[in-house]
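> As a plain string of letters, each chain reads:
There are 2 protein chains.
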Amino acid sequence: MPTFTPPIKDQQFILHDVLKIADSDIPGYDELDRDFTSAVLEEAGKIAANVLQPLNAVGDRQGCRLENGVVRTPEGFKDAWTQMADGGWMGLDADTRYGGQGMPHLLNTATGELFSAANMAFQMYVGLSHGAASALYAHGSDQQKETYLPPIYEGRWTGTMNLTEPQCGTDLGLIRTKAEPQEDGSYRITGQKIWISAGEHDMADNIVHLVLAKIPGGPDGIKGISLFVVPKFLVNEDGSLGDRNGVSCGGLEEKMGIHGNATCVMNYDGATGWLVGEAHKGMRAMFTMMNEARLSVALQGYTQGEVAYQNALGFARDRLQGRDVTGAQAPEKAADPIIVHPDVRRNLMDQKSIVEGGRALVYWGAEMIDRSQRMGDAEAEAMISLLIPVMKGFLTDKGFETTVLAQQTLGGSGFTREWGLEQFVRDARIAMIYEGTNGIQSLDLVGRKLPSNGGKTIMAFFEMVKGFVKENEVDAALKEGFLDPLKAASKDLQSAAMYFMQEGVKNPLNALSGSYDFMHLFGHVCLGLMWAKMAKAAQESLDAGAGDEEFYRTKIATGRYYMARQLPATAMHLARITSGAETVMALDAANF
Amino acid sequence: MPTFTPPIKDQQFILHDVLKIADSDIPGYDELDRDFTSAVLEEAGKIAANVLQPLNAVGDRQGCRLENGVVRTPEGFKDAWTQMADGGWMGLDADTRYGGQGMPHLLNTATGELFSAANMAFQMYVGLSHGAASALYAHGSDQQKETYLPPIYEGRWTGTMNLTEPQCGTDLGLIRTKAEPQEDGSYRITGQKIWISAGEHDMADNIVHLVLAKIPGGPDGIKGISLFVVPKFLVNEDGSLGDRNGVSCGGLEEKMGIHGNATCVMNYDGATGWLVGEAHKGMRAMFTMMNEARLSVALQGYTQGEVAYQNALGFARDRLQGRDVTGAQAPEKAADPIIVHPDVRRNLMDQKSIVEGGRALVYWGAEMIDRSQRMGDAEAEAMISLLIPVMKGFLTDKGFETTVLAQQTLGGSGFTREWGLEQFVRDARIAMIYEGTNGIQSLDLVGRKLPSNGGKTIMAFFEMVKGFVKENEVDAALKEGFLDPLKAASKDLQSAAMYFMQEGVKNPLNALSGSYDFMHLFGHVCLGLMWAKMAKAAQESLDAGAGDEEFYRTKIATGRYYMARQLPATAMHLARITSGAETVMALDAANF
Chain G
1 MPTFTPPIKD QQFILHDVLK IADSDIPGYD ELDRDFTSAV LEEAGKIAAN
51 VLQPLNAVGD RQGCRLENGV VRTPEGFKDA WTQMADGGWM GLDADTRYGG
101 QGMPHLLNTA TGELFSAANM AFQMYVGLSH GAASALYAHG SDQQKETYLP
151 PIYEGRWTGT MNLTEPQCGT DLGLIRTKAE PQEDGSYRIT GQKIWISAGE
201 HDMADNIVHL VLAKIPGGPD GIKGISLFVV PKFLVNEDGS LGDRNGVSCG
251 GLEEKMGIHG NATCVMNYDG ATGWLVGEAH KGMRAMFTMM NEARLSVALQ
301 GYTQGEVAYQ NALGFARDRL QGRDVTGAQA PEKAADPIIV HPDVRRNLMD
351 QKSIVEGGRA LVYWGAEMID RSQRMGDAEA EAMISLLIPV MKGFLTDKGF
401 ETTVLAQQTL GGSGFTREWG LEQFVRDARI AMIYEGTNGI QSLDLVGRKL
451 PSNGGKTIMA FFEMVKGFVK ENEVDAALKE GFLDPLKAAS KDLQSAAMYF
501 MQEGVKNPLN ALSGSYDFMH LFGHVCLGLM WAKMAKAAQE SLDAGAGDEE
551 FYRTKIATGR YYMARQLPAT AMHLARITSG AETVMALDAA NF
Chain Z
1 MPTFTPPIKD QQFILHDVLK IADSDIPGYD ELDRDFTSAV LEEAGKIAAN
51 VLQPLNAVGD RQGCRLENGV VRTPEGFKDA WTQMADGGWM GLDADTRYGG
101 QGMPHLLNTA TGELFSAANM AFQMYVGLSH GAASALYAHG SDQQKETYLP
151 PIYEGRWTGT MNLTEPQCGT DLGLIRTKAE PQEDGSYRIT GQKIWISAGE
201 HDMADNIVHL VLAKIPGGPD GIKGISLFVV PKFLVNEDGS LGDRNGVSCG
251 GLEEKMGIHG NATCVMNYDG ATGWLVGEAH KGMRAMFTMM NEARLSVALQ
301 GYTQGEVAYQ NALGFARDRL QGRDVTGAQA PEKAADPIIV HPDVRRNLMD
351 QKSIVEGGRA LVYWGAEMID RSQRMGDAEA EAMISLLIPV MKGFLTDKGF
401 ETTVLAQQTL GGSGFTREWG LEQFVRDARI AMIYEGTNGI QSLDLVGRKL
451 PSNGGKTIMA FFEMVKGFVK ENEVDAALKE GFLDPLKAAS KDLQSAAMYF
501 MQEGVKNPLN ALSGSYDFMH LFGHVCLGLM WAKMAKAAQE SLDAGAGDEE
551 FYRTKIATGR YYMARQLPAT AMHLARITSG AETVMALDAA NF
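Chains as they are written, first to last, in UniProt numbering: chain G, 1 to 592; chain Z, 1 to 592.
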């Protein structure tokens with residue numbers, strides 16, 4: 001059975017050595033000193049390792065069951081939920097006015113990493129509630145906020161997002177669920193939603209569904225979509241629960257993974273709902289919480305990689321097989337541990353460098369969200385909006401790849417259920433699909449984000465990289481191992497952007513055919529930048545005599561691996577991109 | 001539920017347009033004209049599509065059950081087995097002296113493609129029997145061959161290979177199973193073997209286990225391993241079944257995939273066995289059938305990609321979502337089929353070009369095995385031995401990637417069990433692990449195969465590529481789209497080999513740290529060569545007015561995609577390789 005050790009030292013390194021959050025000008029960050037974040041992460045880590053992680057395999061094996069309209073979650077989930085709620089984890093970064101803890105989103109991201117690594121299917125219930133609450137917080141009326149937010153932050157109620165229907169996932173303009181206005185100001189919601197995570201379960205007293213639907217007579221397509229709040233139980237004025245609403249779970253999806261999370265068909269049969277925000281502006285309401293939601297999926301990508309890596313590493317240290325080619329390392333034993341073998345190292349270093357780079361990138365993203373939300377910083381908002389599809393698409397692809405690599409470290413044991421690595425592969429796979437498939441992320445990146453603001457934000461990104469390189473080039477070791485490869489990779493990214501500008505204008509297919517490679521090219525540059533920053537921070541700590549030299553040296557060595565072995569992928573992606581649309585679009589659909 | 005359509009036209013293209021087998025000098029190939037192979041493939045295709053494919057999901061869901069020592073295979077498997085046996089498919093390429101059909105291995109590979117694509121878990125029972133029979137055929141005594149081969153080729157009995165033990169998979173020198181000589185010339189076999197595919201089941205009257213074990217007092221390590229035949233039921237002189245032997249199934253492994261195949265713990269409790277070949281030469285006996293066995297796993301890689309691609313393609317043609325950016329293609333419908341979108345094309349073209357390239361490579365491999373076995377051609381034997389780790393490692397990695405891409409084509413549907421794509425992902429995953437993990441393949445390639453014959457065989461490979469390029473450069477279209485990129489990729493491979501020669505001599509870690517990338521670099525060059533050959537053959541057919549122009553044009557267009565979009569990976573692998581061992585080996589094991 002797999003284990004999980006909270007990587008708190010690594011988390012603290014990003015928070016304090018790299019991002020130096022306690023010195024930040026973001027309101028609320030001044031509280032986040034080393035001791036405080038350490039205490040919070042330790043507490044979260046205990047729940048993650050002792051409560052959630054042991055339930056991960058249980059959830060996978062038992063799955064959820066639908067019995068007479070009620071979804072039974074796996075054994076132990078309800079107790080774990082209560083412990084999470086009692087610990088105050090449900091509203092850690094929520095407004096104190098509604099019962100939240102008022103902490104920055106970054107801290108919620110760091111604790112979320114622990115919960116997600118320990119039990120992704122469980123943490124999804126938490127994450128969905130968080131997302132629904134964020135949408136209500138941003139767009140709901142005061143009354144809606146007062147009604148729904150405190151019980152969600154207390155963990156008494158949970159939330160869901162209802163977008164997908166059988167005929168539409170990506171193309172939400174095709175939504176058929178209708179919302180008919182009633183005389184009392186409410187709406188009658190009728191239609192079917194599918195793939196609704198946490199749509200129904202037995203862990204909370206009420207479930208607050210946020211539902212996209214069309215008000216008859218409104219504009220066609222996505223311009224006619226509105227957002228509604230539809231509670232499972234209607235809520236009386238005093239906050240107590242009233243009648244059961246006309247919404248029910250019509251079935252559970254059988255899936256490849258995340259079995260502990262209930263993926264529901266939700267039937268709305270004239271359910272009572274209330275408009276959230278303005279009519280026909282539902283898509284806009286969804287988009288304001290998109291960055292947060294997609295960042296949390298990016299996090300799922302590397303966290304599954306992280307727990308998989310930990311278990312691969314443990315196996316590689318224990319398993320005796322073959323001898324070190326440079327001489328026996330454990331002559332007293334029948335064979336050496338397989339970690340001595342270069343190809344096992346290559347595999348582990350790929351995993352390690354992706355996981356740690358991914359963490360740095362996601363924390364930086366969370367910091368930008370805080371900067372945007374807490375300071376109204378438009379540049380931070382533009383930058384995180386540009387980078388979100390990269391983070392979601394690249395890190396979930398790479399996170400999945402990491403689970404596959406970790407599984408491979410175990411050889412045949414990796415394929416057995418007993419060792420548990422295969423569950424990480426199956427669970428991580430969904431992150432490439434939901435919250436907008438990674439193909440859609442790449443279209444969002446190239447079609448919307450890249451050209452937005454007349455390209456100002458991508459130029460700002462290049463300037464930031466250039467500035468960082470210039471500022472640090474005096475350090476010869478940093479220059480050779482990190483800045484030179486970063487510069488080359490960033491140049492590849494610029495060439496690709498230039499290609500899109502020149503050739504995409506002539507023929508949009510030239511840009512769209514390269515969108516996926518562009519997303520990966522961009523992701524590598526981001527991770528290259530993160531590793532350069534981590535190396536700099538580690539060197540500074542070494543220079544300052546911070547102690548724990550092995551830890552900082554290991555950071556630098558891992559970063560050098562990334563720069564030497566992962567970053568060369570940028571040239572390949574550039575070559576694919578600049579080959580253009582011709583070979584991609586050559587076939588008639590009939591000739592495939 | 002997924003479907004499978006036998007790709008007979010594509011198979012015939014490789015056999016007759018590319019390999020031109022009917023004109024070959026290999027004994028037995030003269031029978032293989034277009035009509036004959038078409039008839040055989042049609043028959044095999046019927047069984048694959050009508051009998052095996054419908055059982056694929058059944059096998060996945062039901063799995064195998066161990067009841068009182070007896071393994072129950074999924075419903076329908078036994079009937080399917082009987083149909084396969086009655087059709088003569090079990091001994092298609094086996095010696096007619098023992099009841100086989102005497103056909104070339106290439107034809108068995110082509111029919112095996114259909115069975116494997118339709119139901120990999122089922123076909124494994126067939127494949128294991130084939131492997132065991134091949135080992136007996138090569139190393140058994142006449143009496144052993146007469147006893148065991150006819151019932152296996154008739155499908156009345158099956159076979160297994162018993163290598164792995166709890167403490168050793170890769171490092172077989174650690175084997176503990178012992179074989180004590182008895183006075184009657186037999187041996188008492190005692191020990192435990194794990195992960196024995198098809199180790200016990202209810203489809204055949206007897207199971208012929210081939211078991212690696214050590215005769216007490218023999219040499220240490222792998223030099224002291226011998227091969228034994230241990231039937232489940234002892235065989236009387238007249239061929240009838242006698243007493244049950246002391247071998248039994250002690251448990252079934254719970255696995256990520258291939259649930260229809262029984263993965264057994266096999267306990268040998270003083271079982272009676274007989275030496276196959278010479279004492280202490282068991283590893284050599286295994287190696288002679290390794291090429292065939294590993295080629296059949298390479299085939300599993302691309303066949304799972306193939307059936308996954310077929311279903312992804314069907315979905316992409318049917319699913320309506322979004323509009324073609326260049327103008328609506330289905331204005332009468334609510335949206336266009338998603339195959340219009342460039343990123344969906346990119347995804348499908350990656351799948352298609354890998355699957356069709358993989359087929360060409362595996363058929364070429366099977367032809368080399370025939371040339372080696374039927375003509376005693378030492379150069380063919382050397383070449384296939386060099387290429388086998390590339391075929392196994394590269395095609396199973398790429399085949400798995402293809403199933404993941406295909407799953408992605410379906411978006412959320414790809415994650416559900418209902419659509420069945422996720423089973424292909426889970427089943428394909430094992431091919432990267434068994435028959436020697438892909439890491440081990442890369443070590444075999446770089447550590448053993450590359451330097452063997454003083455590098456003569458790899459030089460012959462380069463000469464072959466060079467010769468093909470030179471011979472065809474007059475064709476300007478072939479040169480630009482195929483030969484130039486092939487030349488560049490082959491140059492990258494040469495540079496990598498040169499790096500290993502120069503730097504690997506100084507420090508073997510420099511070669512071993514790049515082995516995995518070398519395997520992939522080599523694989524891309526092989527597929528590039530295959531696509532250049534396919535393009536040439538397609539152009540020749542077009543020039544000859546062979547009809548079906550769309551088919552041949554599509555081959556050329558798919559090949560051009562591969563050369564433009566996949567082959568640039570070679571430069572990335574070269575860059576990883578030439579970065580050397582330093583970053584790979586930088587960390588102490590304790591610092592990971």
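Since the hints were derived computationally from the structure, they do not count as laboratory data.
The reader is advised that the hints may include incorrect statements.
Same chains, same label: a pair holds when it works inside one copy or across any pair of copies.
Stated by the list, open to error - Here are the computed lysine-lysine pairs in the DSS-like style, where the Cα-Cα straight-line distance is at most 30 Å: (1) Lys333 <-> Lys178; (2) Lys456 <-> Lys46; (3) Lys470 <-> Lys46; (4) Lys506 <-> Lys491.
> So, for every hint listed, does it hold in this structure?
Results of checking the hints against the structure:
no.: 1; hint: Lys333 <-> Lys178; result: between (70 Å within a copy, 20 Å between copies)
no.: 2; hint: Lys456 <-> Lys46; result: neither (44 Å within a copy, 59 Å between copies)
no.: 3; hint: Lys470 <-> Lys46; result: neither (42 Å within a copy, 66 Å between copies)
no.: 4; hint: Lys506 <-> Lys491; result: within (23 Å within a copy, 34 Å between copies)
When held up to the earlier numbered hints, the structure conflicts with 2 and 3 and fits the remainder.
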